[in-house]
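There are 2 protein chains.
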Amino acid sequence: MTELISLTRHAFLVDHLDTIPAIRHVLDVSFPTASKQIDQMIAAQEIEETPLELVRGGRPAKRYRYRADRFHGLALYLERTYLQYRIHDVGGHLIATDRLNFDSSDHGSVLSKTLTTLLDDHPSIQTLAIGVAGAVDTTGTILFAPDYPALDGRPLQQELTERFGRPVIVENDMNAAVRAQASDNNTTVYIYLGTNGPGAGLAVSGRVVRGAHHFAGEISFIPFDEKRNVGQVLATSSPHSDDWYEALSRIILSFSVTLNPDVILFTASDVSDDGLARLTDRCAKRFPLDKLPRLRQGDWETDYLDGLMQLSIQSFIEQIPLGGLTR
Amino acid sequence: MTELISLTRHAFLVDHLDTIPAIRHVLDVSFPTASKQIDQMIAAQEIEETPLELVRGGRPAKRYRYRADRFHGLALYLERTYLQYRIHDVGGHLIATDRLNFDSSDHGSVLSKTLTTLLDDHPSIQTLAIGVAGAVDTTGTILFAPDYPALDGRPLQQELTERFGRPVIVENDMNAAVRAQASDNNTTVYIYLGTNGPGAGLAVSGRVVRGAHHFAGEISFIPFDEKRNVGQVLATSSPHSDDWYEALSRIILSFSVTLNPDVILFTASDVSDDGLARLTDRCAKRFPLDKLPRLRQGDWETDYLDGLMQLSIQSFIEQIPLGGLTR
Numbered sequence: 029m030t031e032l033i034s035l036t037r038h039a040f041l042v043d044h045l046d047t048i049p050a051i052r053h054v055l056d057v058s059f060p061t062a063s064k065q066i067d068q069m070i071a072a073q074e075i076e077e078t079p080l081e082l083v084r085g086g087r088p089a090k091r092y093r094y095r096a097d098r099f100h101g102l103a104l105y106l107e108r109t110y111l112q113y114r115i116h117d118v119g120g121h122l123i124a125t126d127r128l129n130f131d132s133s134d135h136g137s138v139l140s141k142t143l144t145t146l147l148d149d150h151p152s153i154q155t156l157a158i159g160v161a162g163a164v165d166t167t168g169t170i171l172f173a174p175d176y177p178a179l180d181g182r183p184l185q186q187e188l189t190e191r192f193g194r195p196v197i198v199e200n201d202m203n204a205a206v207r208a209q210a211s212d213n214n215t216t217v218y219i220y221l222g223t224n225g226p227g228a229g230l231a232v233s234g235r236v237v238r239g240a241h242h243f244a245g246e247i248s249f250i251p252f253d254e255k256r257n258v259g260q261v262l263a264t265s266s267p268h269s270d271d272w273y274e275a276l277s278r279i280i281l282s283f284s285v286t287l288n289p290d291v292i293l294f295t296a297s298d299v300s301d302d303g304l305a306r307l308t309d310r311c312a313k314r315f316p317l318d319k320l321p322r323l324r325q326g327d328w329e330t331d332y333l334d335g336l337m338q339l340s341i342q343s344f345i346e347q348i349p350l351g352g353l354t355r
Numbered sequence: 029m030t031e032l033i034s035l036t037r038h039a040f041l042v043d044h045l046d047t048i049p050a051i052r053h054v055l056d057v058s059f060p061t062a063s064k065q066i067d068q069m070i071a072a073q074e075i076e077e078t079p080l081e082l083v084r085g086g087r088p089a090k091r092y093r094y095r096a097d098r099f100h101g102l103a104l105y106l107e108r109t110y111l112q113y114r115i116h117d118v119g120g121h122l123i124a125t126d127r128l129n130f131d132s133s134d135h136g137s138v139l140s141k142t143l144t145t146l147l148d149d150h151p152s153i154q155t156l157a158i159g160v161a162g163a164v165d166t167t168g169t170i171l172f173a174p175d176y177p178a179l180d181g182r183p184l185q186q187e188l189t190e191r192f193g194r195p196v197i198v199e200n201d202m203n204a205a206v207r208a209q210a211s212d213n214n215t216t217v218y219i220y221l222g223t224n225g226p227g228a229g230l231a232v233s234g235r236v237v238r239g240a241h242h243f244a245g246e247i248s249f250i251p252f253d254e255k256r257n258v259g260q261v262l263a264t265s266s267p268h269s270d271d272w273y274e275a276l277s278r279i280i281l282s283f284s285v286t287l288n289p290d291v292i293l294f295t296a297s298d299v300s301d302d303g304l305a306r307l308t309d310r311c312a313k314r315f316p317l318d319k320l321p322r323l324r325q326g327d328w329e330t331d332y333l334d335g336l337m338q339l340s341i342q343s344f345i346e347q348i349p350l351g352g353l354t355r
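Residue numbers (our numbering), protein chains in the order written: chain A, 29 to 355; chain B, 29 to 355.
Hints were generated in silico from the structure; no laboratory data involved.
Hints are all accurate, no fakes.
A pair holds if it fits inside one copy or across any two, identical chains being indistinguishable in the list.
Straight-line alpha carbon distances no greater than 20 Å define the calculated DMTMM-like cross-link-like pairs of lysine to aspartate or glutamate that follow:
no., residue 1, residue 2
1, K313, D253
2, K255, E274
3, K255, D309
4, K255, D271
5, K319, D180
6, K319, D165
7, K255, D270
With these hints in hand, go ahead and build the complete structure from the sequences.
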């Protein structure tokens, strides 16, 4: 696995470049070096030449295509009583998707069985990205996950990588979801009220921020009054009550004065468009309206899977040897 | 001004490299190219060869020295009734420093007169970094600065650059101060209670975060209760009263759950070490102690000038033509 392979894959799959002149520019190498690199990847069946088009005047540059359909990835997230997955190719196209309900509380074994079946059925899967609703450190160890007692404290990423012989990324749910909505020149916050307390994902300039203790976005701890935190108020107030709106306003204002993001997303199932308008009005009573982040609805399930898919493709780009893993 | 000049200056002044093999590595060029670059900068009197040391066995690599003492910069900050400045060389060594009190409220004219005098006396000054206690956008326009009505709304950076024919950076006070304490693998928040309301500077992974509307760190807007914000409570409570400690706890907790920084700095004049210990205790009652940022005292005046000096040196590295500006 050389750096040039990663850079070339990135040029095709992320930047959508398709000629040697364009690719040698981002690889920062000479034309012959870029050309040799492309030839190697053609031999490894990662790339193919596309037919020349007829153009007026001059010979067009040869164009190439990444054979994304040959390499698949798996994005899967685990909730308390169901999981949802998407098999995709490394170009981001959908191969298969499904939701499975289960009634076991042994999430480790549910995960292991499901992955075994999916990988048997789809040996073309190169990389896996697994989402969990818990605090996860950068090595994919579950630091805190009350929803899945069987996984709590386990180095899940390392266990699954060894077990399945493929690169696996384990990521927190909100960090995955915010990745799907993040962009290089934006600060984005993604909020999910969830069933077991609210959480948030943060991305500054396109990069997910985890915080010093992987505690960035643990918004249930935002102070509400001298006794209660926002998490306690949300747990004891009914949706759309005054306390509920006040608790959400506190979350918005806390982000507005600290990170001052461009956008705060709420999931459509948590807050309606009308609710967002009420929250904007409420916040604008104590904060300059023109400095408030834009409040928007997000499609949490789609963003969650999109974010995981991005991780799985990135892991392919960076970690899979030339020609892909073969089974 | 080529990119290679900037990179070479950076290699000497920031990374403290001093041999061609080390420098060609960070420049990512061949030995002859690096060597030619060094020769050019020797001719321009930016670099000189240092005497060879006698070593046992083998010929030592030639060593070079950046002639930092030849190029000066000015870091200056403006408060309501005084200004403080530091003239430094581009190696960060102190040349002169002073504090000047004034009783004019025309800060534009105070600034202009002071700079004229300082630049007349020190024609070796290449670049200027000016700090102000107000919201400043990335072009150095003052967006909001109630302390200096005469500067409010003015494109100060552009005005001073044109007036003095040298690169000028205008920066917010807390963004300058946090820069001095920021590091690549840390998230740092710097808090100053100030005389006209509190402010904070944020740096994530060594980069200053300004927010979508240059409003990141406007902590007076943190909600305190349904009626009051933290800024109002701080303005009406006496230091070390219960409300005052509660307001500071709210600031700490708001950052802890959003950015979850490694460190929060308070200026020594605002909070004593004993006060920081009380704040930690207070916050730990409603937030996991092991996830709390470390609270530390900072020397605000020094950090402020250090941060401005960094900006002035960076501006020299990136913007000043080979050989420096001559008057």
